[in-house]
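So the protein sequences, as listed, match chains G and B.
Mapping the first sequence onto the numbering used here, position 690 (from 1) lands on 690, and the numbers just tick up by one.
Mapping the second sequence onto the numbering used here, position 23 (from 1) lands on 23, and the numbers just tick up by one.
These are computed hints drawn from the structure, not numbers from a lab.
Please note that the accuracy of each hint is not assured.
Same chains, same label: a pair holds when it works inside one copy or across any pair of copies.
Said to hold, decoys possible - Heads up, simulated SDA-like pairs for lysine to any residue below, C-alpha to C-alpha not over 20 Å straight-line: (1) Lys-71 to Glu-633; (2) Lys-751 to Arg-375; (3) Lys-650 to Asn-752; (4) Lys-394 to Pro-577.
Here is how the chains run, residue by residue.
Number of protein chains: 2
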Amino acid sequence: MNKYTKTDEWCIIEEGFKPQNQCSSESIFSIGNGRMGQRANFEEHYSGETLLGTYIGGVYYNDKTRVGWWKNGYPEYFAKVLNAPNWTGINININGEVLDLAVCRTENFVRILNMKEGLLERSFTAETPNGKRVKVSCKRFISMADKEAALISYSVKPLNFSGEITFTPYIDGDVFNKDANYDEQFWESYQSEADNGSATLYAVTKKTAFHVCLGMKYSFETKSTIKKTEIISKTKFVGNVITIDAIEGEEIRMIKYVAVLSSLNHEPNNLQNDTQNALARITAQTFEAHFEAHKKIWAEIWKHSDIVINGDVEAQQGIRFNIFQLNQTYTGDDNRLNIGPKGFTGEKYGGGTYWDTEAYCVPFYLATASAEVGRNLLLYRYKQLDKAIENAEKLGFSGGAALYPMVTMDGTESHNEWEITFEEIHRNGAIAYAIHNYVNYTGDEEYITTYGLPVLIGISRFWAQRCTWSEEREMYVMLGITGPNEYENNVNNNWYTNKIAKWCMEYTMFCVEKYAEDKSEALKAIFSKYNFDREKEVTQWRKICENMYLPENKTKGIFLQQDNYLDKEQILAADLPSEIRPLNQHWSWDRILRSCFIKQADVLQGIFFFEEEYDLDTICRNFDFYEARTVHESSLSPCVHSILASKLGKSEKAYELYLRTARLDLDDYNNEAHEGLHITSMAGTWMSVVMGFGGLRVRNGVLCLEPVIPAAWQSYTFNVFFRDHNLKVQVSKNKCSILNNSEKPLNICFKNNIIQIQANQNKEL
Amino acid sequence: MNKYTKTDEWCIIEEGFKPQNQCSSESIFSIGNGRMGQRANFEEHYSGETLLGTYIGGVYYNDKTRVGWWKNGYPEYFAKVLNAPNWTGINININGEVLDLAVCRTENFVRILNMKEGLLERSFTAETPNGKRVKVSCKRFISMADKEAALISYSVKPLNFSGEITFTPYIDGDVFNKDANYDEQFWESYQSEADNGSATLYAVTKKTAFHVCLGMKYSFETKSTIKKTEIISKTKFVGNVITIDAIEGEEIRMIKYVAVLSSLNHEPNNLQNDTQNALARITAQTFEAHFEAHKKIWAEIWKHSDIVINGDVEAQQGIRFNIFQLNQTYTGDDNRLNIGPKGFTGEKYGGGTYWDTEAYCVPFYLATASAEVGRNLLLYRYKQLDKAIENAEKLGFSGGAALYPMVTMDGTESHNEWEITFEEIHRNGAIAYAIHNYVNYTGDEEYITTYGLPVLIGISRFWAQRCTWSEEREMYVMLGITGPNEYENNVNNNWYTNKIAKWCMEYTMFCVEKYAEDKSEALKAIFSKYNFDREKEVTQWRKICENMYLPENKTKGIFLQQDNYLDKEQILAADLPSEIRPLNQHWSWDRILRSCFIKQADVLQGIFFFEEEYDLDTICRNFDFYEARTVHESSLSPCVHSILASKLGKSEKAYELYLRTARLDLDDYNNEAHEGLHITSMAGTWMSVVMGFGGLRVRNGVLCLEPVIPAAWQSYTFNVFFRDHNLKVQVSKNKCSILNNSEKPLNICFKNNIIQIQANQNKEL
């Protein structure tokens, strides 16, 4: 826990410069526009501890796998997000001294992340070792309006002297990933070009051959005289050096215009030209004009996704921070991109796609953005179906069975821990579930008969082969599994995995039946393309579903996390001394595995997904049993528990669990914010509010709400899209008002009653 | 499978030079004297594929652990046997051309490993690219008589020319391990010295600071004239260059005398001096005199350990090869040394000590060498007890609980796979079992009350903490286990582990009771030193032993390898198509784990250890069930099965399984001989003959024999020590004769009848 930012409804504010917080602040104050992102590294030279991070969505490197002991089936590479050429740099030299906050005395340091407007601001007064004092103010943003543009306004005012100040805006391609298995640089084939007033740097990633080109120009606003401009043009580093005769008390403001282009959106051959054109386009508008356009888009985003909490500023700031970061990470206009666990805020987890996307992020985007955004998240997996089939083949499956990877950039598996890569296969289930979730939420049934069914068939085929018949039990079992609770590995009959496997096959069969008549042509095409033998395969799936073993303990009335869970010593998390928490920092791995302690929702994840199948008593018994044994050492854990607690009317528990996620990074609960933010779990926080407190569900195409309000809040308001409608739901202590912000009436289910809300009506309930 | 050597009773013979076999031959023709060993690398320069291997027992390097994903509790280092400075080198230059078998045309190449005398010989005729022909003959051995001496006789005869031939005997310290996690050189602080006629090289291992010094001298026997001698003295490379005016048809013979000393046996400060003294000592005798002394010791070794097989030369050669390699690897005079799975023949497995030593090698050395040798193998572990306690503490155990490492050089754990390091804990049991085995075989009960009990107490304490009470079963269970069958990981209640854990506690309690009166002072000292609370701890152990869960299936009448073994699809190994064997080269790791296929004896290992507790029917049911599911993909597997098959009267099966081990390396069944030989499993082959066919056991201090003979053999003879006796047992088709080669009569149990054999009597039975 390290809370050092000020509480504010719309801003994250850091006052006073503390070098020990710099890496955390670089994460927390990150900015991005869905296509690229940037940690809050200082523009000027900084010799203290820092983690440079410039990320371009979809540009990655295949880092050769590093393991202690190779296991058959491991992937050759781990695809990693790249630390790309750094475009933020503006070195400042003050009368012969480098401006470096690790060296200078700093006063009045303020860093602000304005979440409403997507702006990072910083100002401070610095005194050099020789006593020269300057006031620096800077602002930067990555434009939501022009996805290739980033802009920096950097102002220096000499306070106690007149003299030479040089500005060196640059682009530095000599960058490394901190996380590199063999300490190599991931970039090659540099081409650099610098002119008076502009510079471009072109580089290509090794192996994956992504081409990127970054260009910069600058302009000055100052009464002081520009004395000299020079060019720096090294292979991996380009820039300009502008020497100014600075006048005491007169501010010198530089605007750095940056264009970031890649071969994802441009022909490699045209990339350098296109960068020049982009620079021309970007410099044609002022910093302020760009910022206006950028702000406008943020206003639109907030209109649809904001949550307003009255009576709890910390909660307000926390939830907005989460929504803000999610929208910076993924904007949904490019189905080649996805959401890494750290987004654009760090290198950890390699920036790849996990099941986090389907289990946590999809619900957020379904409710806060247009259907296209959710659809693009689904299409990402659809387009990787062939690779998922290849991946399954590599592990010995056949006949078009698909196993989606645990971690991926392009559909190829990256992860290399056998108990995860080969065994944490429930991820396949989440991908199928997201299709159901999307169609159920948006009503876009067309998706099933175009893109959904091939994926569902591939996944069901996988389950059908992965389940084996146990002569002993006379049932189908699933052996060698790691469930969502990664604190148990290689178990048998993980209830969640068996359940979701069964559900996948049932849902696929349901879709096949449902569209058999209406969409028989579309289905025929899919069946033929994927060699689907309807009768034979459906018969097999039905047989498995009817005889699938789902472990439970009838005495306790609970589903069993896995066959032998009750063989473990049963201790409650509350009885663990605080000095050994978190367990993963205090216990050897085997001790964790042998213990009954649960990292994140496992049985409860299944109950959350399929809650309609269970009565409240069953949910309650399982919740009481498993939550008490859960240590929530995954950031993805508390939200599911919080939602279920809300459902069960355990409001104090729900709020307690909500608090664990809401400000996880902002208050740096686990002292790991320096590595980057928990982007995907931020969606879980949103779920805790909207699905938990708000009780939002979609059942048979009907939006349902069953709101409660935490005792600490006066009211809260959330916005959701639902099909053609846009709703604003405000929940107060004693009432709830729902505004149907659209031109059509809407039937919703409010606390189990169907009510109609007229177009543009605000209904009080 | 790659059999290219000729069959011979006493020699391994390779005729004709095939570069593709060179690395395998380097392993197969390895020589050693227990203190050091050397792969059969060519003396002269060889530019083809080779694996240089010079090993000094007990000299290792702590290579920084390399893993993909760190788990709490992993060791910092993997201690690895070092490739030490190479002392074998003698470069030959023929009239300006390098003698290099990768370049020259080679005829009449013969390489012979004379196992009776411990001599490696090689001869060939080579023609250089310029047409110069030479005949080369060389011999080398590492002296069993002077453990610091190695000698090479290297002769060159020009066949079709007179001209300059240079000999460059050298010591090369610029050596690397092929298996280095971070590609670094493991040696530093070189000091080199070369004089006319001699050279020494001194080097220190990084981190572990072992000092070694190698010295060489040479002499010539020739009618040709030595024209010039020069010195090479580089930091890491020393040698002499001797130029000779060679006369056509006249052989030039060089003797290279080598001394290899290390800080294990010398003060580092004196090491260089001591090396000079050793060289003086070594050169004081001729090659032939050294060889005589060396041969004499081998004759003694063979006298006690030889197995003679009549009627099957391949079997004869195979078993002698195994006995020879074991005796080269470990001679038992230094309890700081142990037996790595590859001995001195390769780098694989890091050269560390595994449970192989206790389970397989101890029985071999007990029967074929003096009791001191077995005792030294046990003392190795006794001396590492403190580290085993530390190791257990690292994993969360306390109160003096000891967990011996999976792999070690000095008692510290080296291995870093969680499912092995933390879970394959049955190794602790084998270490306790070896104590029982040693005392039972030798009658040295004193060992228990001096060194055995502390180890037994530490191990029993570990088991007592590792077993947990299952409320569900109302029994003690052991969760998260990898048994000897490493094709199942992280299982619950591995029968073998539960059984041996129970046995360890029972045996410890038995020893405490047994010596409570006679040796009360010795026990008191141990109890006090190890804070042993006899009443409390014994009570706890008894409670666990009485309530230990040992899974079995009553219907099938078998013990269960682990709780869920019968949930697996039951397929027999015989039904696997041959093209997917071995499974570990064809199946992904998870598929292997999920399958019912067994890598090596697991339940059957336990039945082998504790066979007296089970009736023949029980043994037979378990054997039939498990052997049919065993793929024997560990070299340690067939022997235990072969022994049990012999016991069960399944003599064809026993012989079939024996054949899988007997010539494993010699015929390179698994195409892996190039990596080194399977030294520890060679002891298993010996066990298959003596304990399997011979039926040798020691029960209650009585040697028992129940010999059978494979149909393919006419007779076989083995030699065993037993307490004060030395027996020669010859088994023919219809009779068995036992020679009591000692001055005292001996009662033995022959096929369940007690018979007495008088001193020096040969009894026909």
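Hint by hint, here is what the structure shows:
no.: 1; hint: Lys-71 to Glu-633; result: between (28 Å within a copy, 15 Å between copies)
no.: 2; hint: Lys-751 to Arg-375; result: neither (29 Å within a copy, 78 Å between copies)
no.: 3; hint: Lys-650 to Asn-752; result: within (19 Å within a copy, 73 Å between copies)
no.: 4; hint: Lys-394 to Pro-577; result: between (45 Å within a copy, 19 Å between copies)
Violated hints amount to a single one, hint 2; each of the other numbered hints is respected by the structure.
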